[in-house]
Amino acid sequence: MSEIDSEPLPPARSRVRRAIAAAVALAVLAGGGAVLALRDDSPDASPEVRDQATRPIDEDEAQRRARETDKKVEVTALSDEFSTTFANPNGSFTYVSSVDPVRARNEKGEWAAIDTTLRKAKNGWRTVNSPYPVTFSPGDADDSGTEVNRAVYRAGRAGVRPVADTDTWTPLLTMAADQHEMRVEWPGPLPQPVVQDNRALYEGVLPGVDLLLTARNTGYTHVLVVHTPEAAARLAEKPPAYRITSPTLSFVLNPTTKALIGKDSEGNEVTVAPTPFLWDSAGDHDTELPDEAAGTGTNEDPEKVDPGPERPTETPEADDERSDEENFGSTDPGEEPPGGADPVAYRAATGAETTLALPALHGPGEGAHATTANASFGGDVLKVIPPSSYLQDTEDLTFPLFVDPSTTGIRANWTTVYKKYPRSNFYDGANYNEDTKEARVGFERDTWGTARSFFKMKLRDSIKGAEVSSATLKILETHSWSCSKRTVQIWRTDPFGTYTTWNVQPTWKRKITSKSFAYGWKSSSSCPDAYVNFTVTSLAQEAADNGWQSFNFGMVASTSTSAPTTTATALETDTYSWKKFKAEGAGSPQIAITYNRRPNTPTGYTMSPGSCDTSSPYIKIGKTSTLSILAKGTDPDGVTSKLEFEFGKKSDWDNGTWATTKTVYNRAIAHGETDSVLLPALTNGVTYQWRVRTWDATTYSGWAPSSSTFCRFVYDSNLPDTPAPVESTDFPADTDDSSTGDVWSKYPFGTGGNLTFKMSSGETDIVKFVYSINSTTYDSYVCANGKQGLSGGLTVSCTTPVTSVTATGVKPPAAGPNTLYVKAVDTAGNISPNPRKHFFYVTPRKTPDGPGDLNGDGSADLGWVTAAGNLWIGTVSKDGGWMSSSFGTHRKGSLIKDGNTAPHIWNGTDTYALVTHNGDFAPADGVTDWVIRTPDGRLFVYPGDGYGGIDVTRRVEVRLPANAPSPSTFSEIKSAGDLTGDGQPELFVAGGVGGAELWVFSGYSGGYFETATQMTTTAWADRDFVAIADYNGDGEADMTYRTAAGNIQLRKGKPDPSGTGTELKSLGQSGWSLDGDKVYASGTMTTAAYPLLYGTPDATGDGIPDVWATNSAGALLLFEGGATSLGQSRTLRSSGYSTVKQLG
381 MSEIDSEPLP PARSRVRRAI AAAVALAVLA GGGAVLALRD DSPDASPEVR DQATRPIDED
441 EAQRRARETD KKVEVTALSD EFSTTFANPN GSFTYVSSVD PVRARNEKGE WAAIDTTLRK
501 AKNGWRTVNS PYPVTFSPGD ADDSGTEVNR AVYRAGRAGV RPVADTDTWT PLLTMAADQH
561 EMRVEWPGPL PQPVVQDNRA LYEGVLPGVD LLLTARNTGY THVLVVHTPE AAARLAEKPP
621 AYRITSPTLS FVLNPTTKAL IGKDSEGNEV TVAPTPFLWD SAGDHDTELP DEAAGTGTNE
681 DPEKVDPGPE RPTETPEADD ERSDEENFGS TDPGEEPPGG ADPVAYRAAT GAETTLALPA
741 LHGPGEGAHA TTANASFGGD VLKVIPPSSY LQDTEDLTFP LFVDPSTTGI RANWTTVYKK
801 YPRSNFYDGA NYNEDTKEAR VGFERDTWGT ARSFFKMKLR DSIKGAEVSS ATLKILETHS
861 WSCSKRTVQI WRTDPFGTYT TWNVQPTWKR KITSKSFAYG WKSSSSCPDA YVNFTVTSLA
921 QEAADNGWQS FNFGMVASTS TSAPTTTATA LETDTYSWKK FKAEGAGSPQ IAITYNRRPN
981 TPTGYTMSPG SCDTSSPYIK IGKTSTLSIL AKGTDPDGVT SKLEFEFGKK SDWDNGTWAT
1041 TKTVYNRAIA HGETDSVLLP ALTNGVTYQW RVRTWDATTY SGWAPSSSTF CRFVYDSNLP
1101 DTPAPVESTD FPADTDDSST GDVWSKYPFG TGGNLTFKMS SGETDIVKFV YSINSTTYDS
1161 YVCANGKQGL SGGLTVSCTT PVTSVTATGV KPPAAGPNTL YVKAVDTAGN ISPNPRKHFF
1221 YVTPRKTPDG PGDLNGDGSA DLGWVTAAGN LWIGTVSKDG GWMSSSFGTH RKGSLIKDGN
1281 TAPHIWNGTD TYALVTHNGD FAPADGVTDW VIRTPDGRLF VYPGDGYGGI DVTRRVEVRL
1341 PANAPSPSTF SEIKSAGDLT GDGQPELFVA GGVGGAELWV FSGYSGGYFE TATQMTTTAW
1401 ADRDFVAIAD YNGDGEADMT YRTAAGNIQL RKGKPDPSGT GTELKSLGQS GWSLDGDKVY
1461 ASGTMTTAAY PLLYGTPDAT GDGIPDVWAT NSAGALLLFE GGATSLGQSR TLRSSGYSTV
1521 KQLG
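Quick note, the sequence shown lines up with residues 381 to 1524 if you use the numbering used here.
Calculated from the structure, these hints are not laboratory results. It cannot be assumed that every hint is accurate.
Stated by the list, open to error - Pairwise CB distance ranges, derived in the manner of DEER restraints: (1) Gly1483 - Ser1274: 36 to 44 Å; (2) Asp826 - Pro875: 29 to 37 Å; (3) Ser1274 - Ala1469: 34 to 42 Å; (4) Lys800 - Lys844: 39 to 47 Å; (5) Thr676 - Ala1077: 28 to 36 Å; (6) Ser942 - Lys502: 52 to 60 Å; (7) Leu1174 - Val1123: 24 to 32 Å; (8) Gly1018 - Val1459: 55 to 63 Å.
Every residue, glycine too, gets a C-beta built ideally from N, C-alpha and C.
Please take these sequences and the hints and turn them into a complete structure.
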């Protein structure tokens, strides 16, 4: 085995009773806060039944329950902000994803319904549960504002507020955005707001002007309500201004779109305030709300689905296509989510009620006078500048006017572009206050012009490589020009973003489907609001085949076969093509994808005798009549049907006749079974090849060893056969290929045992068996009459033929996993070309683990995290000469790996844990434990199981002192063992602001570090811990670390003044140490040459710490440490470590 791992959505209802609810699309990042609460995930913390009930249901468990109940079961472990996955009784899955979020993490870190209702908090009015929480100003208790004018302009005011003073800024709101905070201030005093559901109205912030804030899922909308021409003239003379700041974001104004972008320190876009707009109260408004409970429409022509990209011809057709209602479930929006107080509506004064009821408050109607506004940004101040021509030249301008700068999170999932506003950005519909939460397509002659809309659908890794049987896109049309049908096309497009405008559209890549329909004409009951279903199976399959994590699609009014350009299509000049579609909240676009996970690529593929060799020169197989090839087949859905083997001559592959000359063997198997093929008589000197793949009922896995390679061997009948499987009751074989240690030795490490070798092919001229453990030196031997030895195996002479011999008193060199290699030697001195391998586990001895020791043999060991999310354990020999590897994570004895290690080792996609081991943290059992900063920014102790692994159910979350930095800021952790003499290990951390601070946590007990000591405020951001151990033999801990220049520095520690242990301060800075920092390795250990370094206590037997490293070629090396400088390296693994994420 390789050591390197190569029910429909609930409606997204914001819990506000006001019918027009704000909702947008954004992926939530979990975690990030300081961990200040102890959690115990051990079996003792709760009964087993409770543990099973509260644990998220993974795909396998959901599949089991679906089969048992004959009903679909939600895979809660795959639930996220946008999607829900269901296991179906027939073994397939249905993934339902929405453009708009359907849930968010609450303060407890649990998924909960999105609730943008405003609740009174200490510092203002805060959203209850939102992906981007906002807090609006509480206003001045002594400043209640003035009465606002009614919906239509009338001269005169009951009172006026002083003109805003830009020298006096008042906090208006704060918005949390992906672990950043954005602050907006208003230039002058603010009254107490009138709060209604998710809206806060600040009356009379300027003479004749009110300010309305609305909380949304991804931020907020903002609009100034300008009641009088005089107020408008004042705003034109002195434009409204806002101070926008953030401790961690910088802001830049796009010179073309006038969108204000907030970027983090690495230049990633985090927030956007799209192009500002203004409009008047003229025009017609839809007074009817979208019917989210509408059914699927019938006023449509048959769909025209375009063929998808060509796929391999061997791919079978998938079955079990479910109906739309089965995939999406009932369209009834259902009841509001349970829990929480009822939404509030602080009763407004009559004027406020009138303002909040203005139809144009939510955006311009059809026929309104609307235009873009200019903007400037400098000195943290954003100014929105209404064009003077709009106020002076627009005929029949109807007051109030509305000015709309808003801000949204950058990870929203839709936008619309308008030909009438070719350089304006409408990202996430954050313009026009709330009106553009409906996507538009087609042509409207009065206000909007020609429109097209783009959407992004997020996907989970669970769909990667799957076979898609059906995929349906479901969109709610809420407005059409009439009941006359017009065509809408669905295209796959390139990504869109804050830069997207009519002039800068994403590339229209491929037309997926089209349909002609009409729904939502308010003047007729014959075509009411209705859902439109589009078949997008080819698009979903393309995404699955390519492993996309999302895909983008565009909607355009067109009947052309050509890709859209910035020129309007013929249909985009027809007013009957004008359509609106619900883009946010309940009824936002959804896709339901029903898929079958492909079987896993076979594992345990090998030959008996022999092995799978993919590199020339190929292995030789000696004379045998029982040569077989075998493999293990598994399927993630548990429905494996067979193994398919292909076998033949390499020459036939080379000359192109493989398809007609190969022999195919099919072996029916159940999930998890291993089966074999006994090969026919072979020709001496010929090179043969074979490969294998797994099938379920409908589709197949990839080939093993890979799609482009074969297992190959040369048959040589002049050489002895490989020995039969090794027999031993003292060291029984672990043969299930799981790397978990299911079978252990009878006696603990250090105790000798017996191993019996024999032949299975009936050969009579075998005189000697040679063997070695964890290497292929074959130094040891055993012959007839009890003759045996530990050296000279390949040269010692033996003459008496044997058929079976036993090596006695064999002492494996390590606890944990070991591999024995044995070959047979005949009377002519010929040796088996391939060894028999015997994989077994040695029980650790009952003594405390040594420093860095994971398996109880006293030698420091190594761990690493792979790109596939696995923690591997490398048990190292006492001289560091070899290493044996196994998986390191399990759940109460059941191996977990790959995607199932989330959230412990990775988040399932691209964020990995920080891991370290050295010392017994809990429960004082003498076993080395792991400290892990998980991908969600939390710190845990994972107790060791004594064999190198960890049972993830036993983890304990660590509490930190109040002055400690949040674990989410940690960039490195290093467990140092007990340095202070208190019997508890210390933990060194690089973290805090910018990851640049050096901290030491000490006094660990019961899930809590008593002391957090800050050693530096800067300088550690570009350094790497190497080792914390004694280099100079004085009994005190020293430290080595790597600098950005590729140097390794040695800092020696001093005795603590108390007389016990090392003074921790002496390791904090050079000037506090014994004799300052010294160069340990100069300029050669750069991150380019050696991406990962990890120092351990002595691994080579000389008492000095050593250093593990991966190099640029992907090899794993062990550098022998010296007292004052780094020694020579040895290569433990020549390749495969380029994708390792952490050493620990």
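Comparing the hints with the structure gives:
A beta carbon spacing of about 39 Å between Gly1483 and Ser1274 agrees with the range 36 to 44 Å that was offered as a hint. The given range of 29 to 37 Å is respected by Asp826 and Pro875, whose C-beta atoms sit roughly 32 Å from each other. For the pair Ser1274 and Ala1469, the supplied restraint of 34 to 42 Å holds, since their beta-carbon distance comes to about 40 Å. Distance hint check for Lys800 and Lys844: the Cβ-Cβ separation is about 41 Å, which falls inside the suggested range of 39 to 47 Å.
In this structure the supplied range 28 to 36 Å holds for Thr676 paired with Ala1077, their Cβ-Cβ distance being about 31 Å. The hinted window of 52 to 60 Å between Ser942 and Lys502 holds, with their beta carbons roughly 59 Å apart. About 30 Å separates the C-beta atoms of Leu1174 and Val1123, a value consistent with the hinted range of 24 to 32 Å. At roughly 58 Å, the beta-carbon separation of Gly1018 and Val1459 lies within the given 55 to 63 Å, and the hint holds.
Comparing the model with each numbered hint stated earlier shows that all of them hold.
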